[in-house]
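As a plain string of letters, each chain reads:
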Amino acid sequence: MASRDEIRGAGGAPRILLDNVSVSYATQRGRLLVVDRVSLAVDRAEFVVLVGPSGCGKSTILRAIAGLNAAESGIISVDGKKVDGPPEHIGFMFQRDTLLPWLTVRGNIEVGLELAGVPSAQRTTRIADLLTLLRLSEFHDAYPAQLSGGMRHRVSLGRMLAYQPAVMLMDEPFGALDFQTKAVMGRELLRIWETERRSILFVTHDIEEAVALADRVLVFSPRPARIVAEHRIDLARPRNLQQLRTDPAFTAYTSAIWETLGDGEPVSA
Amino acid sequence: MASRDEIRGAGGAPRILLDNVSVSYATQRGRLLVVDRVSLAVDRAEFVVLVGPSGCGKSTILRAIAGLNAAESGIISVDGKKVDGPPEHIGFMFQRDTLLPWLTVRGNIEVGLELAGVPSAQRTTRIADLLTLLRLSEFHDAYPAQLSGGMRHRVSLGRMLAYQPAVMLMDEPFGALDFQTKAVMGRELLRIWETERRSILFVTHDIEEAVALADRVLVFSPRPARIVAEHRIDLARPRNLQQLRTDPAFTAYTSAIWETLGDGEPVSA
Amino acid sequence: MSEPAASDEMIPLGEPGGGKAIASGSSLSIWLWRIGLVAVLLLIWEFSAGRLYNEFWSSRPSLIGERFLALVAGGEIWRHLGATVSEALLGLLLGAIAGTPIGIALAKYRRAAEIVDPFVMGLYGLPRVALAPMFILWFGISLLAKVMMSFSMVVFVFILNVTEGIRTVDPDMVDLMRTMRAPKSYILRKVTIPSIVPWLLASLRIGVGLSLVGAVVGELIGANRGLGWYVLRAGGQLDTTGVFTGLLVLMLVAMIANQIIFLIERQVLHWRPATK
Amino acid sequence: MSEPAASDEMIPLGEPGGGKAIASGSSLSIWLWRIGLVAVLLLIWEFSAGRLYNEFWSSRPSLIGERFLALVAGGEIWRHLGATVSEALLGLLLGAIAGTPIGIALAKYRRAAEIVDPFVMGLYGLPRVALAPMFILWFGISLLAKVMMSFSMVVFVFILNVTEGIRTVDPDMVDLMRTMRAPKSYILRKVTIPSIVPWLLASLRIGVGLSLVGAVVGELIGANRGLGWYVLRAGGQLDTTGVFTGLLVLMLVAMIANQIIFLIERQVLHWRPATK
Amino acid sequence: ATTLKIGSAQVSIASIPVVVAIQQKLFEAEGINAEIVDFDGGGPAVQALAGGGIDLCICAGDHAMRLASRGLGGAVLVALLDKHPYSLLAPSGSSASDLAGLRGKAVGITSPGSLTDNTLRFMIRKLGLNPDNDYEIIAAGTGASMRAAIERGSVMAGMFTTPDVQAYMATGKYKFVADFRDLDYMALDLIAVGSWLKSNDATAHAVARAIVKAEKLIQSDPKVVEAAVHERFRTLSPELVTAVAHDAAERSLSHDGRAQEAGFKTALEMLRVADPSVKDLSYSDVVAVRYLP
Ligand SMILES: Nc1ncnc2c1ncn2[C@@H]1O[C@H](COP(=O)(O)OP(=O)(O)OP(=O)(O)O)[C@@H](O)[C@H]1O
Ligand SMILES: Nc1ncnc2c1ncn2[C@@H]1O[C@H](COP(=O)(O)OP(=O)(O)OP(=O)(O)O)[C@@H](O)[C@H]1O
Ligand SMILES: [Mg+2]
Ligand SMILES: [Mg+2]
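Protein chains in written order, with our numbering: chain R, 1 to 269; chain G, 1 to 269; chain E, 1 to 276; chain Y, 1 to 276; chain P, 1 to 293.
The shape of chain R in the complex, shown without the other chains (with noise of 0.2 angstroms):
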C-alpha cells in the first residue's frame, strides 16, 4: 500500500493549489459566476473540510480540481502540475452516487481495485475487507436498485476507498448516513486518512462532523463562492469522535463557525 505513495515523491510543495480561481457556468441568461478568485492550498495529508450555504459552488470547485471544470481564470495545480484534465491518483466521490446499475455491490467496489490496478488475485479479499468496512457484506451480490439510499452511499465511498487515491474528494460523503453509520465511517476513513497520508477535501452541511474530522475548516459565502473564514482546528489526534461532543474545545469551534457562516446569508430570510 505504500508503494503508491512513493512514486508520487514527497515534496515539500502543496498538494492542491488554487491561485485566484473563477468557474462560469454557461446558461440560457449568460454566464453564471460560481466561484469567484478563490486561492487555497491543501498540503500533502491534509484534511480540509468545506462548508457553505447550498448552491454556492462547492461541488464545482471540487470538479474543478478534479480536472471536470475548466477553470474560467486562475491556476490551479495538483503534485505541481496543472490541472488540464483530471490529474493522477484522484478520488472523487460526487454528491450523488454514481453507481454503475449494472454492476453488483462487488462489481461496483471492483472499479476502483481494477483502475488502481490490483491484480485479480488480491481483489476478492479487498473487497470483502471493504464490505466489512462499509457494513454491506450481506449485499454484496445486490444491484445499485436494490439498495437503500445510504447503502448507496456507502458504495460510492467503498469504491472511492479501493482506489487508494493520494487526494480524496468527497462531496457530502455521509449526508445520507444515520449517526450511527456516519461516525464508523468517520471513523474509518481518519483511520485509513492517519495511516496511509492522504490529503483529503471534504464537502458537507454538518458542522460538527466538519470539526471533528479537518484540520482546517473553509467557509464559503454564497455563490458566488468566495472563502469568508478559515478556520484550523487544533484538536489532538487521534480523536474520539463519541468523546469530543463533549469537550469544550469542539463547542468553541463549531460555535465559531457557526458565526462566520450566519455572517453569509441572513437567518431571517
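The reader is advised that the hints may include incorrect statements.
[Claimed, not checked] DSS-like, lysine-lysine: derived pairs with alpha carbons at most 27 angstroms apart: (1) 81/G with 184/Y; (2) 108/Y with 184/Y; (3) 25/P with 216/P; (4) 82/G with 108/Y.
Derived by calculation from the structure, the hints in this document are not laboratory data.
Position chains G, E, Y and P with the ligands against the provided structure of chain R, taking the given hints into account.
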C-alpha cells in the same frame, strides 16, 4: 386553501394507520424481510419523524403507505381507506430528487399545481411565492442539470408543497441542505403545517432536526425495521428553532433518542 | 396502474414466495393464449376463403399446411431455409459488429461526425433494390452479395441507434471514470456499452426484420434458392399457396429470432428495475 | 478526453464568452469540410472513370450533373421528386403516428404484449417486396399503395424502438407521479413521452431511410413516376447516368431530412447535458 | 372519356403498339384516356390486373393461360408480339456455341417462374437434359443486373430481349448462344380478366380497334415506330432506335392483333411443362377474338 381540507371530512380516526405490516423484497438470494410487523398511527395534523439506521426500511415504509409497495401482511389505511395503489391527497418527497430533467424549475413546480387542479391563472403567483420561499427565484428557468444538489432537493420540496397534500411523506428532505437553508425550510414547513393542519411523516438522520420538528419521534431497529422506541416531544409550538438548541428540554430529548438509537446497533462495530 | 405491485422482480411480493410461481404459471398461459389466437385466425381464414373473397388471393391454411409438410418431407425446405437464414444471420451479425463501433465513433468524435453524418444518411437513403446491379458487380451472385445486401440494411440501424443511445449515457458516470483516469477502452466496456444495451437490443430487433428483407431482396436479384426466391417464383406463377407458404416460413424465422433476443434481454438486463 | 471542457452548453467556459463564438465558427468550417470532401470524391470519380474501370458502371459526375440540370430545367424532376417525397413523408408520418402509441401500449400492457409480440415480429419479418402483390390488391396502384409500403417499413421501427425505450424510463419518476394520482395521460405526456424522445428521434432517423426504401419498392411494383421508377427504368435500359442521377436526388432528400431532424433534436433536447 | 390504366410487365417493345396508339391519338379518337404503369415483372403486373389495380396488362400470354386455368377468366384481348422475345447471349469469348455447350454452367434468367425460366427449362429438357442437375439456372434480373452478372462471370450466358439484344450485339462483344426470336410464340399480349371484359364491353372493343389500327400504322410508317421506340427507350442512340424499330416491325410485332394458333400451342406446351397445375386449354378459352375489328 381550506377547501381541500374540507373534502377530506374531519372524523376522529387516525389519518395513517399501519397494523402489523410486514414488507419483503424478492431478491436473487430469496425473500428479504425489510419491515417486520410494524404498527403505527398518525393523527390528522400530527408531525411524526422516523429515525433509524441506514438501510433499515424507512423508505420502504413510506413507499408502502404511498401505495407504491404492497405489504406482505398486515393492513395499511389512509383516511380510513385500505391502501391499494396511491391514496388521495398524498405528497411524497423521495430520498433521491426525482425532478423531470426536461422541465425547468418552474415547470417542475407547476407539475404539483397542475395535479392539485390549481387553475392556470393562479399558478404564476403561486410559483413565484414558492420560489421565494425556496430561495430559487433567480433560477426559475434553469433545468435540473444546472442546479446544485441542495437546489434540486428544494425544487422537489417545492413541487410537493405546490400539490398541497393532506399527508406529506418526506424522505430526508433536508439532507442535502446547509444549516441555514435547512432552518429556513424547516420553519416554512412548520408554518404551513401549523396553519393548514396536515399530517407529516418525515425521515431524517439528524436527531436535532427530528426533535425540533416532531410531535413524535419513532426510532427503528436495523433491518428488518421494527419500532424500538417512541418519543413524544412536548415542546411548545410555535417553536423557535434558533432558541431550541439552548433549551435543556431539547437536549434531554436528543440524548434520550441517541440512547434508544444506540441500542439498535453497537457503535464500535 | 391501480394495483400496487406487479409480479416483477425487485418489487415487493404481494404474498410470500408468490413471485416465481406466478411467473411460470403465466408463461404457460401466455402460450395458450398465443396458440388460441393463431387457431382462431386460421379458422376464420380457412372458412372465409372462397366464401367472402376469392380463394385465389388468399389460399387456405389447409393448403398452406399441406404444402409446408410437402416441402419438409421432400427436404426442399432446408435448402431455402438454410440459404436465407445464413444470409440474414451473417448480415445481421456483420451489421451489428460494424455498426456499433461506427455509431460509437460518430458519437464520440463530434466534429468528424458532423462532417460525415450527412453522407452516412445519404448512403442510407439509397434504395438497395436500385443498387442491385452494383451489388452483383462487386460481390457476384454469391452468398456474399446477399449478405452484403442484408448488411447494408442492418448496419445503419445500429449506427443510428447507437449514436443516439450514446448521447443518453449519464455524463456523471463518465466523469467519475475519468477522475480515476480510466482508459477509454475501460469506460467503453464498463459504462458506454452497458448503457446502450437497450439500444443494441432494439437494433437487433429492428435488424432481424431488415436482415430478412435484405436477404430476400438479395435473392430477388440473383439466386437459385432461398425463401425469397421461392416466394418470388411462386408469385411469378400465380401460385398463392406457394407465396403464403414461403411467407409463413419467413414469419416463423422472425418469431424464433425474436424469442432468442428476448432471452438475451432477460439475461443482460436482469439488473434493471421494472417501470410501471 | 484530455481537454477538460468542450464547447457545449452547460459546461464551464474556458474563456469568458468563448462558447458561442467557437460554435458559430465551427459550423462554418464544418460546411467547408463537407464541401471539400464532396469535391475531392467527385474529382477522383470523374478522373478514374474510364481509366481505372469501365465508365459504363460508374458514369461520371459531369454527366450526372448535366442530366440533373436537364431534369431540373425540363421540370421533369418535380414530378418524380414530388411523388417519392410525398409517399415517403406520408409513410414516415403515419408510421410515427401509429407506431408510437402501439409501442407504448405494448410496453404498458405486458401481458397482452407478450401474447402479440411474436406476431408483430412475424409480420415485421415478412419481406415487403414479396408482399407487393398483396399491397396492389389491397391498395391498388395509387399513392396509397406506396404510402402503405413505406408505412409498413417504418411503423415497426417505431414500435420496436418505443417499446424498448419505455422500459428505460426511470421508474421513480413514474412512481412519483402516481403518488400524486396523476392520470395516465398526464404521466404519458410529462414523463413517458419526454423520456423516449431520443428513441423517437432515432426512429425518425432510421425511418427516413426506410420510408424512402419503401416508397421506391412501392414504385417498383407499379408506377409511372417517382425517383424509384426513374432509377429502375434507367437501370433496365442500361442508362447508368440516369441511375446515378436518381440516386443522387434520393441521397439529397435523405440528407435534407436528416438535417431537419437534427434541428428538431436541438430544439427538443436542449435541456440535456452533454456526455463526453 | 374513360380512363384506362395499362400495366406493363417491363419496359419492352411489346408496348410499342400501345405507345403508338397513345402518341397517334388513336385512343383519344375512341374516347379513351390511356396511361401506362410500369411494373417490375409479369408477376406483380398480372396480380395487379387480377386485383383490379389496372384495367389491362401488357403481359406474357402465359399469364392469360394461368388466369384462365385458375378460373379468373384471363383472356388475350389483342396480340402484341407474335414471336418469342428472348435470346440467350454469351460473351464472344465464351467456349459454348449452343445451349448444350453450356452444360454444367450457370445461366441467367430474369426471375424465377418467368418466361425466360420456363423457356430455358423447356429447351434444356428438349435436349434430354435436366435443368436442375445439368445447369445452374440463376435469377439475375434484367438490364444492368444481368449485364453485371455476366461481366462479373457469375453467369456464363443470359437471357436478353429487345432492345438489349441489338445493343449488346452492336458492341461486338457478345454472341448468340440461342436465339428464340424466330420461334412462334404467344409472347406478349394485351390481357384482361373476364369480369372486366364483361362489364366494359364497349371499351374492350374500342381498345382493340385502336391497337389494331396502331399495329397497321406500324407496318406502314417507320417514323411512327421510331417515335414510339424513342419515347419508351430514351437513351438509345439514333442508329439503335432505327435498328430496333425496324427489327420490331419486321420480325415480331403482331400485324393484326390476332394471336397465332401455332404460337398459342407452343406457349401452352412450354407452360404446362414448367407448371403442371395449368389445365389443358383450348385457343378459344384464352384468346378473345370477338373484340377484334
Ligand atoms: N452544469 C451547470 N450549468 C449551469 N449552472 C450550474 C451547473 N452546475 C451548477 N450550476 C450552478 O452553479 C452554482 C453552484 O453549484 P454547486 O453544485 O457547485 O453548488 P454546491 O455548493 O455544491 O451546492 P450544494 O450544497 O447544494 O450541493 C449553482 O447556482 C448552480 O445552479
Ligand atoms: N427494490 C428493492 N429490491 C430489493 N431490496 C430492496 C429494494 N429496495 C430496498 N431494498 C432493501 O431494503 C432494505 C431497506 O431499504 P430502505 O430504502 O427502506 O432503507 P432506509 O431505511 O430508507 O435506508 P436509508 O436511510 O439508507 O435510506 C435495504 O436493505 C435494501 O437493500
Ligand atoms: Mg454540491
Ligand atoms: Mg431511505
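Hint check:
1. 81/G with 184/Y: This hinted pair holds, its Cα atoms lying about 22 angstroms apart.
2. 108/Y with 184/Y: holds (11 angstroms)
3. 25/P with 216/P: holds (14 angstroms)
4. 82/G with 108/Y: holds (26 angstroms)
The structure agrees with every numbered hint stated previously.
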